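Protein chains in written order, with this note's numbering: chain A, 1 to 193; chain B, 1 to 993; chain C, 1 to 485.
It is worth saying that the hints were derived from the structure and are not from the lab. Check the hints yourself; a few may be wrong.
As the list claims (entries may be wrong) - Cut-off 16 Å, straight-line C-alpha distance, at most; resulting in silico cross-link-like pairs (EDC-like, lysine to aspartate or glutamate): (1) LYS67(B) <-> ASP141(A); (2) LYS108(A) <-> GLU38(A); (3) LYS65(A) <-> ASP394(B); (4) LYS149(B) <-> ASP394(B); (5) LYS65(A) <-> GLU921(B); (6) LYS67(B) <-> GLU114(A); (7) LYS337(C) <-> GLU970(B); (8) LYS65(A) <-> GLU957(B); (9) LYS425(B) <-> ASP394(B).
As the structure is a computational prediction, the values presented were derived from the model and not from experiment.
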Amino acid sequence: MRVRTALLAAGTLIPALASGIMLRNLSRIGIHQGYAPEQPIAFSHRVHAGTNQIACLYCHSAARKSRHAGIPSASVCMNCHSLLEKQTVEIEKLKEAVQQKRPIVWIKIHNLPEFVYFNHSQHVLSGVACRKCHGAVETMDRVEQVSPLTMGWCLDCHRTHAGVPTSGFARAALNLRGQSRPVPGLDCGKCHY
Amino acid sequence: MDDHRSGDEVRLHWKSPEDLRNGSNRGVEPAFNDGDWLGGSTRRDFLTLAGFSLTAALAACRAPIEKAIPLLVGSDDITPGVASWYATTCGACPAGCGLLVKTRDGRPIKIEGNSSSALSGGGTCATGQAAVLSLYDDARLRSPMVHGKASSWSKADAVISNTLRGAFASRQNVVLLSRNIGSPSTNAVIEEWSQLNPHFRHVIYEPVSLSALREAQSECFGRAAVPHYRFDKARVIVSIDADFLGTWLSPVEFTRQYVRGRAAETRRSQHVQYESRFSVTGSNADLRVPIPPSSHGAVALGLLRRVAKAQGLDGCPEAPEPASALATLDAVAGLLLKHHGQSLIVSGSQDVAVQTVVATLNQFLGNIGTTVDLAQPSLQRRENDSAMAALLDDLDRGEIDVLLLHGVNPAYDHPDARRFLAGLKKVRFSVSTSDRMDETSRFADAVCPDHHFLESWGDAEPVQSSFSLAQPAIAPLFNTRSAVESLLSWSGRPLDHYAYLRDYWRRALFPLQKETADFDAFWDNTLREGVFVVSPTSDPVPIAFRGDWKRAAEAVAGLARASVASPHGNTYEVDLYESVALRDGRHANNPWLQELPDPISKMTWGNVAAVSPATAAALALADGDIVVLRSGGTATELPVLVQPGQDAQTISVAVGYGRIAAGKAGNDVGVNVFPLATMNNGSHRLWMPNVSIERTGRRAELATTQRHFSMEGRDIVQELSVADLSRSEPAPLAEHHLPSLWEPRPEGDHSWGMVIDLDSCTGCSACVIACQSENNVPVVGKQEVQRTREMHWIRIDRYYSGAPENPESVHQPMMCQHCGNAPCETVCPVLATTHSSDGLNQQIYNRCVGTRYCANNCPYKVRRFNWFQYAQNPSFDFHMDSALGRMVLNPDVTVRSRGVMEKCSLCVQRIQAGKVQALQEKRVVADGDIKTACQQACPAEAIVFGDLKDPHSRVSELRRDHRYYNVLDELGTRPNVGYLKKIRNRIETQELK
Amino acid sequence: MTLDSETIPPPGEIAIPLVPRPRWVEGDLPSFAQITADVARPLDVWPQKGWWVCTAIALAALAAGAGMVVYLFAHGIGVWGLNNEVGWAFDITNFVFWIGIGHAGTLISAILLLFRQRWRTSINRSAEAMTIFAVLCASLFPLIHMGRPWVFFFIMPYPNQRGPLWVNFRSPLVWDVVAINTYLTISLVFWYLGMIPDLATLRDRARVRWRRTLFALLSLGWNGSQRTWRRYEKVSTILAGLAAPLVISVHTIVSMDFATSLLPGWHATIFPPYFVAGAIYSGFGMVLTLLILTRKTMGLDRYITGAHLDAMAKVILLTGSIIGYAYLTEFFSAWYKGDLFERFTMISRATGPYAWCFWIMVLCNVVTPQLLWQKRVRTSVKALFIVSILVNIGMWFERFVIIVTSLHRTFLPSAWGMFTPTIVDIGILIGSFGLFFTCFLVFIRILPMVAIWEVKELVGEQTPRTFGFAGAAGDLENEMEGAHA
């Protein structure tokens, strides 16, 4: 009898556990939170943005006027490094690249699917701080992806920004009371076209 | 930018627009990367997936490593993701319209009209819109060719310069055979050549020639130039087979003028069209009369006789007039006389005598100087058929030693192509500047590929003293060279085109203006504006009429009598015409144009023999029956299309098809009918009498996009008569007609809408291509069109009404109506199509599962389904399957994949861009900031887009217009897209008699 | 139904018929052992040539269809004849057709059970089996018609990382998914539950070891005790009660795919009843076809008697007449409503390019059933077989006509087109028949296609021996088995 119950318990628990794990992992597919690849040049944001207090937009100037924040061209780096005496292996790599007219192949960290049209300038100009999505970059030696970059994550911010409750139930209640109002930031066509 | 010269490198530059998001690298290494599947990210994902067994199945979920390659040296004018615009001049046809070219990350991706051009305004034509795709044509030559082998410029130059030097030294005949060259600077180079070498001769050749028109002007007014016509100043327009809204001379400019002339509701211009086929122009006419080509002269003469009589001039010969036209001639002549000096007669006839009669008419009616400008004539067309004929004879006799071919392809488009080729073989050395190995350049000794006009410097003078500049929008993709540079270097003056052009403008044009004394300022300004107009200093001297009109009239009368005398029996006249899309065939390898439905017949991918319903009945012909046209020696097989409004005596066929060496898209599409054309006393004649037609019994399926042409009494296109116009009260807004069960949808800050004026729309189809190029609409090919699976987001519905012999017709651009209560939205199971807060009906491709329920439930049938994978699929190898062809794609619009529904988005990416720009400039979006692609392209300015929430926006005003209505209003879909009723202004011929 | 006019005797009483009860079992009443033996025979003996031939054909069709589906998944929906104008044709036609077929089963097992229709006993098992196979075929088509089955899960509401993003509960397609899954589940449960006593029987008479263990597992340790039987009766009645509404709801919802759209020819309030009637009509058509084929070949003609066929014919007659009436109503309302578009659609349905489909439909669904007024036709097996085939053809064409003729000429004449099926369209249709018959042929080999216990029950009623109504059959059965051993 006892054996039987044990078997039964096992027979139900183990599949349940397995499927639980499976579902969790399935739901994590395509989310690369914490992705911090090695870069061709070990550029340290901690040194530049942290210690030396260089503003994000000094290098990533495109963020103000373009969809892409852009990665500074080597010439931008040389603006300072042609003057600075300090030499390290990494800086050598940079100068070498410039002398050989060979562009540096960085590894892109924050990747959105191709059907998502995120616009940096729009967010920067509406006063969204860089760190809101990219985290405390000025403390990172090697930059990593801090946010999940899922659609839900985007929408949460857009909702709070527009004063729409983030809880699904609260929203449903609003709908039922016919009090939900349109929020441009929540249109599908805002990012998908 | 010089590191671009090698084609391969550059082809590697951009693989797909998505890859470009990381910014373009000028030069060395590919900016894109397929992704390294063994990189760190796999480990990460493996851990993610660890714990369950589906890892293998889910391998697709591993993210490839994306590379980001910044510019090595930063540049001010290239910010990744930000478009820059360059003003230039269109080289797609001799009209030379002003353009703005949109480049993203260094690639031209869209062509738009340059609104600062006084001639073409902001408008473009379908061909112009499509020209950007020809830039990325796989068939283009990668390097110069000498004796059929790839070579280098230095080698080619050495060979050619030596040959030329030798030829000039030994007084041999050197001929430059070119198409119309609109560029004054280039013409200056050629001028120098002929001055330096007495044995050098420049022959201008166009397959569809306006030579007769020019000659007639020289006979009548002593100046061999095509007049500059002003349709906007005319109140009565009579066109004898001139398709001036479609293909004739300068359609974009004329459309703009024409529509403006009609927009004036009080003093609306009236338009009479005598023509053999049903042309776009004819479809807009207030009175349209089908006549066979042989009676063009008779009609012109008939008018002249009546006008002359009324003005007390006698001696105008009688001639038999076509029965169909007879009833109208008195009325039309009456109208013309009524509006002295405010009328305009144009003719597409290739007979000098007929053109002389027409010129005389304009003279007698006092149009010279008002609607016909000879003081500042058009310089767009300067071809000379008799010179071409002479050249052919010389070639026969082997008297031409060196032949330079520039932009011409006589081996394909000359009526006597065989003879030309034979002559070409006798030439000692021949050089072509063709951009591909086409029918002619295949036989040239050397081919020195010219730039595409988007890669090249240049200038133009379409109409005397209004100039425009052309500047490169991209560094040359391949190892090509501008023809001007070639000419310069062969004449021993190796000079950069840019340097030469700038120098020419300093010498020739800078002095013409007074505004600025600083040439650099002048140059930069002109470069930015694209155009430069010299205001006439003195009043134009009155031009004396010295034409011997009676002789011409006699000649015409003679022809008319002859054609009546010769028994028609069961033979017909064939009239060849340029199709709106392919024109004379030089754009045959452009898949966008191949798939562009003809504005009238809605044919794509091929040409047909258009016969009148009467003829069809007589010969028991149906659409798709293959017939043989026999004329003299030639026999041509074509499928039949029964075309309402076609003249009963005439069979019309479009030229430009049947290329054999155009490229993968253009080869063997349709039939080449140029061989049917004839030379007729020194001028190309694109029609010929006594053609017999017989059925073969075989059938071919036509690729038409519209198969039913009657409105079935449904209230789809609504019309008003001029009389109603004054009467009718403002109609209540569509929103408030009908009750609805839906509670009103809460609306956001904007409500984007569109109004299309059916009275202005001529059906020219520029919007279709504009939309295709803006929104990455795929080309699906002939077979798929036959299955009615074309993907165009905007289609132009064309309905006939009245008798099939000569019906009235209407054009209705139809795209997603962005319904307030959209039937598609309720039925989509996955919320892939929803309503945005600003009134758009948005389609989310990445959510769509492809049930097609939305398309079934769409009353306007404007939704398009991706039946196959159209991009990067070898079975749809048009342009999206080649790395080069994909460079034209708009990186701001997703390239849809298989199994996904799509439709007009009202250019949501442009709306987005407009909003962001407003944000960047710290202001609100203003009316007119945002223009949809179709609106921007429309030469008739028939499409207006804007915010319905703003009561003062243009679109809101039009929505309050009493002509406003919604299609299928009774369904309660409450569209944001609406129409203005067409105005009918029929010319009552009887009453005027 | 006039069949069962007299009252049902309360359990445990002797049932002495006042009027001669219709004989649902032919010949002199068989012994219970006889019944078991007759029904279970096909399970014991090696199948004859006929069965192998049929199965081979069915499998071939199935293989062809499967091949076509793979080809479609590889290339896209474009391999079908669909186009911009006609977005649905064979795919949804087949879907609705099979769902319709799937209706007889539950009707017979649930509603007829509630109405205590005795004649259902010997046909309900196979009818239910047929239902399940038909619904399986049907549920394939929504998957296939998207061309990308791997995104099907978008239609399922599940918590996700997208905001979350749910499905559009307004869309009839979502209702479909729910309705069909419910229907499939309930039918399965019902079918299985109905089989349990028979599985027990098979277990007891199984000679081979693995068979015994298999049936032991399947019969969930059934012991024909009074308690078991009473509970069993309760459960099946409750389930019947649950299932009965489904018969109505499923096809009602399917009909709403069309009724809730605004397309003339689809947008009609009459659709739900009309579709349900049609479904039952086609369902019984298929049951008739199958039973006429199997009763002879399986030697069950004494359990599936002419009286059964006659009863089913009457149901077909009734539902067929309802459909005919519905067609008339459609035309009438189109005319009476005066809506230009709807009038046009109806006229072009009867006179347009697809008129031939329309007239086939009328012939099969309106004219044919009327023949069944004559007893002569109802009692001739040949005639009934032909009728049943015509019914199936007619109902397929009905769906085709509704879908395609309404789509091919809609509001804007500029967007009028035609649909011509490709080889893939036809191949997949054939494939679905292949799947259906394969399943059915396997079924009749491995499971009793007649409900043994119910027949025994029936016979029990008809024998002038005293028995408790429900329980007795079970006890007796065990007793007989004992005798066997």
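The hints, checked one at a time:
1. Taken as a hint, the LYS67(B) and ASP141(A) pair is broken in the structure, with Cα atoms around 19 Å apart against an allowance of 16 Å.
2. In summary, the hint linking LYS108(A) to GLU38(A) is supported, as the alpha carbons are separated by about 10 Å, within the 16 Å threshold.
3. A hinted pair counts as satisfied when its Cα atoms are at most 16 Å apart, and LYS65(A) with ASP394(B) does not qualify at roughly 62 Å.
4. Between LYS149(B) and ASP394(B), the direct Cα distance comes to roughly 29 Å. Violation of the 16 Å bound is thereby established for this hinted pair.
5. Restraint check: the Cα-Cα separation between LYS65(A) and GLU921(B) comes to about 10 Å, which is no more than 16 Å; the hinted pair holds.
6. For a cut-off of 16 Å, the pair hint linking LYS67(B) to GLU114(A) stands: about 14 Å separates their Cα positions.
7. Restraint check for LYS337(C) and GLU970(B): the C-alpha separation of about 14 Å stays at or below 16 Å, so the hint holds.
8. Taking the CA atoms of LYS65(A) and GLU957(B), the gap is about 34 Å. The hint is violated against a cut of 16 Å.
9. For a cut-off of 16 Å, the pair hint linking LYS425(B) to ASP394(B) stands: about 12 Å separates their Cα positions.
This entry does not satisfy hints 1, 3, 4, 8, going by the numbered hints stated previously.
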